[in-house]
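This is what each chain is made of:
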Amino acid sequence: MVVPMAEGGAATPQENWQRLSPWAVGFLFLRVLVDFVRNNIPALAGAGAGVALIERIGLREVLLVSLVGVLAVALVCLIHYRRFAFRLVGDTLFVRRGIIEQKELKVRAARVQHIAIEQPLYLRLFGLVRLHVDTPGGAAAQVELPGISATLAEELRTRLLAGAREAVVGADVDHAGDTSAASGASADTGTHSGVVLFRANARGLVLHGLASNYAWVAAAALAPFLGQIERLVRRLGADTAFAERLQWFADYPLAGALAGVVLLALTLVTASVVVAWLRFHGFELSRADGRFRQRSGLLNRQEQTLSRARLQAVELVETAVGRLLGRSHIVCRQIGAVLPGEETSGRSFLVPGLARADARGLITEFWPQGQVAEDCLRVHRYFIRARIVRLSALGLLALGVAAATLGNPWYLAAAPAVPLAIWPLAWLHWRVLGYCLQGDYLQVRRGLLGRRTTLFPVHNAQRIDLAQSWFQRRRGVADVTFVLASGPVTIPCLPRSAADHLTNLALYRVEIDHARPQACR
Amino acid sequence: MHPWRKLAFGSRTARRLALEFRNDAVDVKNLPAWEALALAPISRRYAPCRLLAVMLWGVVLTAAVGLSPEFDDIPGVGDWRVAAAVAGLFLLRGVLVWIEARYRAWALREHDLVYRSGVVVQSTVILPLARIQHVETVSGPLERAFGLVRLNCYSAGGLSTDLVVAGLERTTAERVRQYLLGRIRELDDEPAADGGADG
Chain A
1 MVVPMAEGGA ATPQENWQRL SPWAVGFLFL RVLVDFVRNN IPALAGAGAG
51 VALIERIGLR EVLLVSLVGV LAVALVCLIH YRRFAFRLVG DTLFVRRGII
101 EQKELKVRAA RVQHIAIEQP LYLRLFGLVR LHVDTPGGAA AQVELPGISA
151 TLAEELRTRL LAGAREAVVG ADVDHAGDTS AASGASADTG THSGVVLFRA
201 NARGLVLHGL ASNYAWVAAA ALAPFLGQIE RLVRRLGADT AFAERLQWFA
251 DYPLAGALAG VVLLALTLVT ASVVVAWLRF HGFELSRADG RFRQRSGLLN
301 RQEQTLSRAR LQAVELVETA VGRLLGRSHI VCRQIGAVLP GEETSGRSFL
351 VPGLARADAR GLITEFWPQG QVAEDCLRVH RYFIRARIVR LSALGLLALG
401 VAAATLGNPW YLAAAPAVPL AIWPLAWLHW RVLGYCLQGD YLQVRRGLLG
451 RRTTLFPVHN AQRIDLAQSW FQRRRGVADV TFVLASGPVT IPCLPRSAAD
501 HLTNLALYRV EIDHARPQAC R
Chain Z
522 MHPWRKLAFG SRTARRLALE FRNDAVDVKN LPAWEALALA PISRRYAPCR
572 LLAVMLWGVV LTAAVGLSPE FDDIPGVGDW RVAAAVAGLF LLRGVLVWIE
622 ARYRAWALRE HDLVYRSGVV VQSTVILPLA RIQHVETVSG PLERAFGLVR
672 LNCYSAGGLS TDLVVAGLER TTAERVRQYL LGRIRELDDE PAADGGADG
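These protein sequences, in sequence, are chains A and Z.
Taking my numbering, the leading residue of the first sequence gets 1, the next gets one more, and so forth.
Taking my numbering, the leading residue of the second sequence gets 522, the next gets one more, and so forth.
Hints were generated in silico from the structure; no laboratory data involved.
Glycine included, each C-beta is placed from N, C-alpha and C at the ideal position.
One or more of the hints may lead you astray.
Unchecked claim - Sample of chain A residues lacking proximity to chain Z, with all beta carbon distances greater than 10 Å (derived):
no., residue
1, Gly90
2, Arg245
3, Phe249
4, Leu391
5, Leu448
6, Gly450
7, Ala461
8, Arg473
9, Val483
Claimed, not checked - Which residues of chain Z face chain A? A partial, calculated answer using Cβ under 10 Å:
no., residue
10, Arg623
11, Ala626
12, Arg630
13, Thr645
14, Ala651
Take the sequences, apply the hints, and build the full model.
Shown next as structure tokens:
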């Protein structure tokens, strides 16, 4: 590749080595300090170690050491900023970084998996954004440009994505130039080309918060302050006036327990709704030439794009509460595995608060032929028995351990109840479990009270696993796993003939798909 | 006829579900059937190689348990009995590993690579050649002593190896690797796969 020299007169502004905005030094500095405080405050304050330290070596010394530490951090941040540079040549992003040893990272557009633009509150004041570029090379190859101007980020993204699309589709660059001009508007004005597919309203977000449990996100944010909260509670417990009020609960244990449960549920629900609202405020999903883009967030405004070529599977998630409220959400799975637990984090492409009809309509936006069918084929009934045996074994083991540790052999008398208690669960699981093949699209539904339906074209399979235990071989059933580039999808206990059909069909489709010209993929 | 073929239609539910199975676009009967594929066993030297590896660990751990004073204090259990139990477990494992190794089989078709492993839970992995991004051959010191090589195949998206064909003889593995690389080049117009970012 011919790389024009940085000083070359013909180079476009992006082709010269560029620095981050000078404000970035401040942000880096603050982030390091905040991280340090967040990680160490619970240890220092919680156990009283900080006080002990100050008493031991004196306040002045501690302050002096802290000052030296802060200055060192500031110096490191300054050096980091001075040595951090990036440029875009053609469709390749070069990043030069490193404090002691300077490294140059080269990210080709074709290898870019995911680009996200974030604008936290403190960056919004300066009109700056943070740009993340994910590649399949692991943590060392992730690029973050903290603190570049919104217009520059937009342009970098457009060019990287155009390059990526060019690699996939073979489109001409002039066309991409058009889009960059059209969508070159800054991230905070909110205007860009494309068709708006979905806008989440306040009601949808509240229902989404109710239906999905975001309370643990709030809990995780509060985790560093657990020590302080615990001490506060203890101080309240020691307070006699408060203890008298608590006496009421002791007098009416049933009402007290009920009040406690209601209070806890209300807290969790409120936290969940607040987190959902912070995360998805002003959610808007739009499409512009084969790319989907979503923007959302109240304090931390984020923007993500998804190209159809990189979409591996679409998941329609209806939680148990969501089914009561008639709301579901869609998670788009892209190349590169994101664990199910991470889907509420910013990395995954999630469309919240969808009504039933909206969800179905949106799936046809992603894949015109993709449809979620209501009636699925069930798997073999042997699944129920296998599930009961497996879970009962665990339950009986737990019972045995309990009996042994408590020294009460009468606990073992409950053993026959374990499979009986598990049977309805296994049956429920089996009833929901289903699969359906429509044209090229395979749909797999799982869940207990909720539903999680994964839809994907079978030609997206990277690998197919068939597993059969000894018992399954006797029954003529097999577990089939389609390993997509976004993660595995398993259909357990399929009749062996159906499993073989699906496998043969998928292998055939993979070949057909690969033989087609790249533009169709 | 393969033994499971009879069994697959043994249960009424299985038969009904098989009939319900829908398929619109393709004449499934004429698709190449993977289940008709005859898998070839891997090298016979793989079983002794695995057994030796297990036994080496067994000897090391048994010696460690036998020589350490930690287990002298357990009342009613002599030092040698703990060591004997450890040795027994490793012997059992050795037998299982031997049987498992003799059951492993593989096949290379025009469009995919198939590898079967496991005795109680039998698992078959099918990797379409079109999906292979990168192939490498690996061999540890013990495998080298037996003239064996592992073939690691990587596909997109996965963080780990997608298919490990263990227990191939060196010449076979090298030929397969060359063939796979050739096929990848044929199938893929893009230049050879490289890392997402080069330093």
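If you check each hint against the structure, which ones fail? 7, 8, 9, 10 and 11
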